[in-house]
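**Student:** With chain B held as given, fit chain S onto it using these hints.
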Amino acid sequence: MIDQAAKNLNALFRLAAHGDQRAEHELFVNLGARFRVFVKRRLWAQDDWEDVVQDALATVSLKYKEVEPVERFTGWAYQVLKNKLMNYIQSKSRRGEIVVRMPEYADPMALDDTEQAVKRQLLKCLKQIWQVNVRYARILNLHYQGYSTAEVCRRLALRSEVYYSVLARARNKLRQCLEQGGVGT
Amino acid sequence: MNQPDRAQFERLLHAYELGTLSPAQEEEFELLLLEYPEFFAEVEKLETATHLMRNDPEIREHLAEVMETLREDEQLSAGSPSAQPLWKRLWFAYAAAAAVILLLVLVDWRLEFHPSSEVIAAENRVAVMYFTDLTDPQAEQQWGEIATHLIITDLSESKYMQVVSEQRIEDILASSGDETRRKVDREKALEVARASDARWLVMGEILLAQPTFAIASQLIDVPSGELTASLEVYGQPGQDIFSLVDELSTKIKTGLSLPAIAREEVDASVADVTTHSPDAYRYFLAGKSLYDKFYYADAWDKLQLAVKLDSTFAIAYFYLHRLSDPEALPHALHYMGRASQRDQVSIRMGEAVSRGDYRRAIAELERAIQRFPDYKEFYLQLGTYYRVLGNYERSIHYYKTAIAMDRLYKNAYNGLAYAYDYAGQDTLALRTVDDLVAVAPDEANSWDSKGDIYAAQGRIAGAMAAYQKALTIKPDFYASTFSWGLLQLRQDNDTLAAKIFQSQADQRNIFARHWLRTLEALVLQVRGEYRAALEMLEQAIHVDSTEAVMAGFPRYPSEMRQKLLAQARIYNELGDRESTVGAAQKVLELLGPEAGNLRNRGFYLSVVQLLAANGDAVPSRRQIDNWRDQDGTQLKIDELNRHLTGVMAFVAGDWAAAIANLSDALQKWFDVYSVCLLAQAYLETGEPHRAIEWLEQALLNRAREHRSKICFYQPKIYFLLGKAYHEAGDTAQAQAYFERFLKVWEHADAGFKAVEQARAYLAQMTLKQ
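Protein sequence lines correspond, in order, to chains B and S.
The first sequence maps to residues 1 to 185 in this note's numbering.
The second sequence maps to residues 1 to 769 in this note's numbering.
Looking at chain S on its own, in the form it has when it is part of the complex:
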């Protein structure tokens, strides 16, 4: 038998595999497999897999699940079939038809049918591949990157085209194992275009770069793979890349078969919707890429450089706003007209969020995903904002949608893990965070998130290991350092916690340094060294403020509020009413209109509790009532009021009212300060067991947003538990908690009654023994 050539064999192999050969052909082929070992090796490669696909129940179940998902998608897009009987459906149809005929007869219409812009856009879906810079193989100047992003931005401005997002292209290439999108040949590019359901493919090269640019591009019809047009643009000496991209985009649009109405669209210059500075754009792209990896300090640096070069660069300001630059959002809003339509959605959404209007942000995004259906970041944001509103079902839905678009979308896995955690779905939270680590094992944030999820579920050792892993990947990833340190504080390892915090002393990021100072002062507070803590806080406030001004920020950066709140707490414990109220009111001044922001409500509660405890609750009540009208949501407002009422009742010595209000408020909104007051009220009414229940619950609370506050009050909880167990007659537990309290407060300031009482109780118990 003669050996067939490779191409012949491939054809036969496919047919054999598909079972489409006749018996005689199959026999002949199998004889080939016996004769030629290299042919058999080809069959063997897929033999096991094929057999599994035909017979393994698990694989077949997966195939069936996939089919079910695809069927659901088809049904969703096609609309659910009507359940009405046929005659009813037809009746309506007849009636509608009659109405239309009547209209046509009675009214002189000249009916013109235009397909909507959305329909045209969907039919003209374009995938733009990375433009290779032939002048710079190492891509040091990144002209290819810049040109690609600008072309995508420019074409996306048209309502009559849909442009596959850069992210989608990268995701498809990444999932196919292609690490770089810079070396994609035409075959690969067509595969990517088909995978993204594009009708057209645009590829190209930078032929010349500064001082004179020249770009060549190919417009390819994806279904046929045929080249439709070769386009070249040559710039004049000194002409920038932005205007060249404008010319190229115009040629590309001409090459597509857009209807006449699309050609009447106003075509803004791409520089007018991004920046006129190539260097600024270069920094912006770098900053955005770092931001996506959660390397905020590095992203900050790049974005700052971008806006230094172009002080009207709206979208760069928006990203700085995301990095907590307090001045950035006003700039982004002011220059919003200089952003692309997609970026304007982001800026408007950011503005709504900054005012705490998450519902408006969500409405903006849900409109935007109609126009930009594969911009996965919008789905991510929807997941985040629904989570803030406490609508975990919708939050999870959108995160999962984002993941369905990109199975490697680490930000979505990150958000989904937290959403599951907040929704109390612990197993799914763990599984999702493990998926995150699997997807991005070399990124510090993955491990940091794992640490958070583990910590929230009380898996302390696992949490610490995860935080440490994050720090081996990126030693200046301060979020992990601070989380790890706070976990140590919760374990009463204050010395170790202090060392851990100190490891970030050389932190470049200004906000991280502010946070570090707050935490260093917290260590002293936990030890009961209140005087030293107040001094440190005072100094830190001054240093933060000076540093902020020198860096061009407002004098009182956001972390300042935490320091002032810490001062208010200390003064409250010291019984210094005037200083407590002074510090707390200063915090409210700094909060300003942001006090009403949903995200700040926990912080706001901490402040107004202290005011209420010192007889200054009335203004807070008025403010809370204002919010009820403003944001139209009852979210946490009733609970806020209950907490405050409980605190005021406690201060007035009305134990029953304190117990009723605080226990009710705590069912819906856990707060450690309220727990301490509630426990004390129960001790006053001779119900130590109830006090124990709530205090033990507080010790077990691992919620991320309560971390610092619980650290502060933890020694007090130990003391109160000591008292409660003593009153309940459980000497052993009482002793244990008093000892724990005195150990943590070994070097506390002199004169604390709690210390004297604890020692007295212990002495008493020792005598009895």
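Just chain B, with the same shape it has in the complex:
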């Protein structure tokens, strides 16, 4: 039985390489989840993420059994993704398309049920944080609106050396709220 601890990708790879189909399935599910996180940070459009992720997973699935020794699997898989990302960005740039940019007016995001639930909780938490600590609310808002560090510090009268610790605390507050269903003090 594949338990939580065995979702270590290298362990799954070992099993999959020896013909364990269930392990192979788990391997690609978990790898795909990580790839999506990495790709979302770099690309804007939802359609583009999946293109890159699927392309990378396809390459991994074709060639993973040739990878040796086993400890190199995660490093190798990551390199595959990097190459795919680079190719993708370069090809879009050649066509003059903007790939990595914050949209001013985006279409409503197509969200599944889980993401909708997170969104509801997120709105609730943002409001609660505003109530509990306006400073945290402001720094989160400014940061995620895309303001530069210098601009955020100017607006909040913060020294740059404390900016990151305040933002980290605010982010932690948001994380606690999302996990616990309420703002923890």
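Mixed in with the good hints there might be a few duds.
[To be verified] Label pairs and their calculated CB-CB ranges:
hint, chain 1, residue 1, chain 2, residue 2, range
1, B, E151, S, E232, 46 to 52 Å
2, B, R155, S, G390, 51 to 57 Å
3, B, E151, S, G424, 52 to 58 Å
4, B, N87, S, A24, 18 to 24 Å
Hints in this document: simulated from the structure, not taken from any laboratory.
Glycine included, each C-beta is placed from N, C-alpha and C at the ideal position.
**Tutor:** Okay, now just chain S, sitting in the frame of chain B:
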């Protein structure tokens, strides 16, 4: 790759999340995420949320709105930028500077600059956390609660300190999901202090309780989180907690860096501004807490115990006054010098309101919020009093301000819902009352208010369901019972209404029992059983009066007026002029100077209409003219006069004048009795369609303040509609309304002409068919 320790990972995680890692560092971190599933799980938690915050338009719109609100706040506090051109601004500046220089040269000033007390206070903002009672883990004696409130009260007396209100602390903790403020460690306490913009934090413990008290306290500098002072006070055997709190407060103030001028302030003993009795204080705190939940009957009991133990407890009397104890306000005023400065504001405000001087109450409160800016109850009161004055815009503004201070402030949601309702903003009223229910779903009042809003908008089924829900939460919540019963009466379900009212027969609250008797008699009136109703009212007046005296109230409690008014109405319908005038004048006597109170104007109209209908309008006219001078407001005075003129014209048979005055008055001030007279005047002048319009409007009227009156006149409205439709030639509608009238009046007293006429009309219509 070696697994980093937790702290290392957290640092890297934050940096990764914030996008502050270099490409190489980011790559290394992402490899960690591939290697270690537990690390990836951490990232995944916030991944969706982060992505939403960066990309979802709705979230980004919310963030932008928040920023806009914060920007507006900043602009408001900083003042609007001048629109004048630079040279003009500079010219004034030069002129002002020249004037100052001239003054300095010509006059020998020794200029001393002192920051104002407000500035000092704002710089010395203190948050006091709940003091844990180490001697009583179950907090049965509530020494921790008592000490905390007393310290807050004592420190608040100083002009040079701002103390975060108990409410604000509780609100911050509640919004962070902390159900109890009794187990707050230092980290949490500092978070709360920072959230409330406090400069100082005071925490502490009760080390010893009776017979000898000892309290330990820590004074903490909030920005640095450093302990500034550890303070301990040990009482002598028999020394009470009040004097110990005085000692502790003095030490706390010494520990703060207050300027010399602050130390010259007179420091009254906290017992002198609250009570000398710990038990009385304990009851007061319990009573206030129950009051805030609208559990008035229970609050009443606790507060009565408080004043029994301390007959000079001013603020306890004030809360009793709020619970309609007619004797309480004079006591509160008499002992006002024994209340804290914040409580004195409440008492002065209460006194102004009792005289109907809402403008003075508002002025008092608008001054008070400068000194006590986070005492949300003042904003709530401002919302309420502006609503009474009919200034719904200001009312809504203050309610919303209170809600902005506390997103869970149910009383403010409650008031705001009604304000929207009165302002005719139905959708917002519904939305707000739904917010109220969401905020306080387990409180009966939330559902009661929802019932009221739904009822006002004609959503009868929803209203009834809401009232019933309130009663499942609190079966003795009589407001909901009575509202539900009145709604049933409006639906012609008099038998069910009677049963509903009877369910409160064991009501503990004396005022609820008085109200219940009035409503039981109303059921008989609605049925046309006037003789039985008069007997019941007479008996009820006697019982109310005896009960009141035994409970230590004046002989004629306020609900007595409703019963006497009901008698006057019945006598008027029976054509007994002398008895009508007698009962109505008795009501005015009981009203006394409160007749001029803005809140009583609807009631006053009901009384003087009956006097005017029976030829006794002159004294009322004089009285109304007096008010015009007294309260300086025209609010409803002209309309009152128009109603009375209309009634008098009707009685004199001057239909045109009756129609002109009543229809004009009704545009601004709806009243069902005036509608009945107007309809009859239209029938006299052969305009049945106009009569129908007004009568149908009356049937649709759902305003809360008209409920009992409409119930009384509803059968008459059915009868008049029957007549009007008959004259308009609409036989079907005429028949329907006559049948409805006769159904409700199935067991009415014998001899009513209306019953005979209705039967005759129906017989006629049946023959024709």
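**Student:** If a hint holds in the structure, say so; if it doesn't, say that too.
**Tutor:** Hint-by-hint comparison with the structure:
1. Remark: the range hint 46 to 52 Å for E151 (chain B) to E232 (chain S) is upheld by a beta-carbon distance near 48 Å.
2. Our hint of 51 to 57 Å for R155 (chain B) and G390 (chain S) is violated, since their Cβ atoms are close to 41 Å apart.
3. At roughly 44 Å, the beta-carbon separation of E151 (chain B) and G424 (chain S) lies outside the given 52 to 58 Å, and the hint is violated.
4. Judged by the Cβ atoms, the range 18 to 24 Å given for N87 (chain B) and A24 (chain S) holds: they are separated by roughly 21 Å.
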